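Chain by chain, the residues run as shown.
There are 2 protein chains.
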Amino acid sequence: MITKYTSGSPIDTEAVVQSFPPRKITEFPFKNALGGGKFTFGFEMEDGDIVYGLGEAPRGINKRGWIYESYCSDDPFHTETKSSLYAAHNFIVLSGSKTFGIYIDFPSRIRWDLGYTSQNSAEITVGGTDFDIYLIEGGSPREIVREFRAAIGQSYIPPLWAFGYQQSRWSYHNAQAVDRVIEGYNKADIPLDCVYLDIDYMDSYKDFTINSEAFPDFEAYVREKRAQGIHLIPIIDAGVKQEDGYSVFEEGREKGYFCKKADGSDFEAGVWPGMCRFPDFLNPEVRRWFGEKYKTLTDMGIDGFWNDMNEPALFYSADGLKKALDKASSLRGDNLDLGKFFNLKDVFLGLSNSQEDYSSIYHNIGGEMVNHQRVHNIYGANMTKAAGEYFEKAFGREKILMFSRASFIGAHRSSGIWFGDNHSWWSHILLNLKMLPAANMCGFLYCGADLGGFNENSTRDLVLRFLALGVFTPLMRNHSALGTRDQEGYSFEKPEDFRDIILVRYRLIPYLYSTFRRASETNDMIFRPLSFDYPDDAVARECETQLMLGEECMIAPVCEQNAGGRTVYLPEDMTFVKLSGENVEKQELPKGLHYVSVALNEVPLFIKKGKKIPLCKPAMRTEELDFDELTFI
Amino acid sequence: MITKYTSGSPIDTEAVVQSFPPRKITEFPFKNALGGGKFTFGFEMEDGDIVYGLGEAPRGINKRGWIYESYCSDDPFHTETKSSLYAAHNFIVLSGSKTFGIYIDFPSRIRWDLGYTSQNSAEITVGGTDFDIYLIEGGSPREIVREFRAAIGQSYIPPLWAFGYQQSRWSYHNAQAVDRVIEGYNKADIPLDCVYLDIDYMDSYKDFTINSEAFPDFEAYVREKRAQGIHLIPIIDAGVKQEDGYSVFEEGREKGYFCKKADGSDFEAGVWPGMCRFPDFLNPEVRRWFGEKYKTLTDMGIDGFWNDMNEPALFYSADGLKKALDKASSLRGDNLDLGKFFNLKDVFLGLSNSQEDYSSIYHNIGGEMVNHQRVHNIYGANMTKAAGEYFEKAFGREKILMFSRASFIGAHRSSGIWFGDNHSWWSHILLNLKMLPAANMCGFLYCGADLGGFNENSTRDLVLRFLALGVFTPLMRNHSALGTRDQEGYSFEKPEDFRDIILVRYRLIPYLYSTFRRASETNDMIFRPLSFDYPDDAVARECETQLMLGEECMIAPVCEQNAGGRTVYLPEDMTFVKLSGENVEKQELPKGLHYVSVALNEVPLFIKKGKKIPLCKPAMRTEELDFDELTFI
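Chains A and B, in that order, give the protein sequences. Residue numbers for the first sequence follow the working numbering, so the first one is 2 and each next one is one higher. Residue numbers for the second sequence follow the working numbering, so the first one is 2 and each next one is one higher.
Just so you know, same-sequence chains aren't split out, so a pair can sit in one copy or run between any two.
Listed below are the simulated DSSO-like cross-link pairs for lysine-lysine, each with C-alpha atoms no more than 27 Å apart in a straight line:
no., residue 1, residue 2
1, 341, 324
2, 346, 328
3, 99, 32
4, 323, 341
5, 579, 188
6, 5, 25
7, 346, 83
No wet-lab data here; the hints were simulated from the structure. All values derive from a computational prediction rather than experimental measurement.
For reference, chain A alone in the conformation it holds in the complex (with noise of 0.2 Å):
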């Protein structure tokens, strides 16, 4: 059952799609206090209670223990003491001696106490006073996300091609780049279906233009890559980069779309292209001519996008860095104490993503001037939603493929998510496997990680095994960034070994895609932790490095450098598969722990007693999957 508590007048987010009749705030029936321009409530834990939720989040899959904040951040550094990342995404569910779900409707910070301050509270502040809250009581943990995820609407569901494997780089900055990685994966055999192109596929960064330098003729470009079965995906940023004659920017400026400072000019910021404006996707006029500027590619036969840098990311303003540079010229000459030292690097290291910057953009909401800070969380999430209402119009349901950075519930209607420049650490692997549970208890189904970590270099073995987990999300592609080592996976010794894992993820597709439409149109989670299955299992309920996958499933991925294989903990009896190429290993395992050895070129997966599931002949493009001829194990 769901209650739907409101205080103020709050602005509309699109997160709900269902009508509840509201409640006032008053009868909320947890301690609170309203005021001071927030409003503050909390609810006591017992020891072994957990807390689910907030999507993609730093730490575990039990988010007890931190204080988290709902503030879109560009932050790459997804150490644990992070409080935020790129989404906001207020659903929790408590589950325990008390089993509730609390989804808090409301556009800008919201503090998260999980037992932080003290073990066994919550404490959570919304930061202002005019916000839905909505309180869903009855039934398990699984039964309460079914229900949010209910009102929130169905989840986004991508074309089928969106299941194969794809591969990223900051940047293959041109046809021969691109051409590169396709050669690369059909000499060594391995499947693919998607190619990216990061920013430099632009004309200096311009959105929905070309570099036609590097791609002389995209359009053809692009068909000749289709009929290879080869879907080619570019990026597109919030920023719109600011100079006379680049239409966007002209249009823009001329029809006043623009995120503006107080004093009514355009706010501006620099990002990749240099100065830059930001469109107003809290207008639903700028909305609708955004989304239809990705007319410009999709004329051009592109049928995929992700969406990037719409926290959005800010690497300076004109203003911050003014002050910057005029303070470092007034202390030269000066014997610099360490006070001023540290002041002086901090105000450099300060310049990105300022809250003053933040603070100094208005948007325009129905007439009126709405600051920023009031709207941050769903900057991004609109921006995905101008796409995806363009899309929906012009090609219907499930032909484009798209996912964002950034993102709010709401979106997970039109779009899928990222979870952003994440690193190639090994503890990486694990985190990306924390968020898929919690991302979908917020909607967001399709979705995964940089496999082989983003920033920094890799290394052949964490790739594979990055991977090795990446076979089961529904967003498979490798990315990695600019400077860093080569990933692709014919760039490192014995190729074979990628191909058999990535085979895997083929034989797997139509398993895995029919496991995503049903979550999707059912409102159910593809992955869950062991705990929503096994509530009285002690063990189970504290696991952190394996989830169930559909009704059939449970995946346990390795995830410590040269590690021949994992202890792994069944709740029940199953079989223990071990895929690799063509190839089935199987192995009935009694519940309880066990140390399964799993080789670099092996994806293990676990059988419930009673359960098969579908696998079809491999091939090297989505498109050449037959799903009439499937074999079960």
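Since the structure of chain A is provided, determine the placement of chain B on it from the hints.
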């Protein structure tokens, strides 16, 4: 058997104390290449081979699969992808298809590609042509370690009280703050032996001075605390404040004791006190001089020290800062493009510990001007040996507690180490564990990490779980950074849980101290990877979360938040012991995998069949412990 191979005319690092007849490097029995100012050699590895060693270094017990660099670095972000930390410990052991040890006695950069470029190949590059390599062959990894350890001389043994529990923070900045800590522990009935004085006890961060506002009569205060059973442990930094009238500075300047620049003037750089000069610890006369300065503090009753910032850490040099400010100034008014912006940001970020600054430093070695880069890795070790030599002469052995941040093999005879400025990350419990056997291999027995984590905010459960590992580490010190949450045992809810953990330490001191002494006297390790003891057990061989302790025990800390226990692998039948306060709970467990419950106030320990370890009665200070009244478990 140890064979020494010499190339060129090595600088004497004082690492090795036994003498070996040198062979020519041309006889070195690995594929190698000497030339172009460097020496490169390599060997092949089989799939299951393990590389142990490198002491204080990032990543696993098994070092395979990464590139490490021997280069003492002040870097507080101990993430997986770092190549260097504060120490340069150039000893590895390969174990598997072949088993041998290699020690490279060389005070500058060494690059260890241990299966990064190619998974089964090691390639090691010595950054110079004047060095000794010791090849240790024959016997097990443990025997190879013992032979190496005999060659480098007996490890430092601190006074017994250094095994007591220690509390630190940056900073307990005056006598009242220190008293509050002691009172906090006393009131909570939690044992305590040491309180640390971080940089603020000094007058303007000047070594060997006292801030007389903070400590009006320091000597009386030190003696008063000693009477309460508490040792105060002040920090000593490498840099000497440049200030007229400050005797250490004036003496050093007068006698030419500071490091130089190429033009013969003193090298200057900013550290905590502002502009500093750096004692030339490579000069034996300076070492004597600086070592004797510690007398200022020992005369006041101080009997323990920690040496810091001795990589050396440099926040900025006068020259570097001037260049940065000039650059910023020249860019004023420009509409910066992205390249210029990031370049400018990098200039400010790169001011600290810059290679340009290190390259501009010169040492006086036997009258010759030697560039710092040639001897970088022994600078901090020689600072610590300066003090160690003085202490031994003035007080005899085992009288003064000392440990250092930077280190090099050889300093292990004079001092312990701590593992530097870690973070309040759950993953750093395991990083601490993984460093212990590697540090032991290199002679550093008295060591430990900042329990609870130094940087960023900790949580109550993290501090408890970290301490439960720290119960076994010779240095058991809780330390946290400026601006972070208080993390003393009494600062959290239910301090009795902290008491239960720390009491266990005191009960174990007879066992831990005798194990420590025996390891020092027999050149053995206190902590060993499971694979050292169970080389034919495949699961034990890759275990990275448990250690053997002495001849009797295995340890396996809980290292995941919200976990009520952990999975542990027993390579043979063992007794699982849970220690909490004065309680001892025992359970016989057979060889194999087990999930064991461990509450937050319990210390898990595993005792081998047929072995027993002593426990004494707990006390509030080590000096109150009765070593004669022991019970055995």
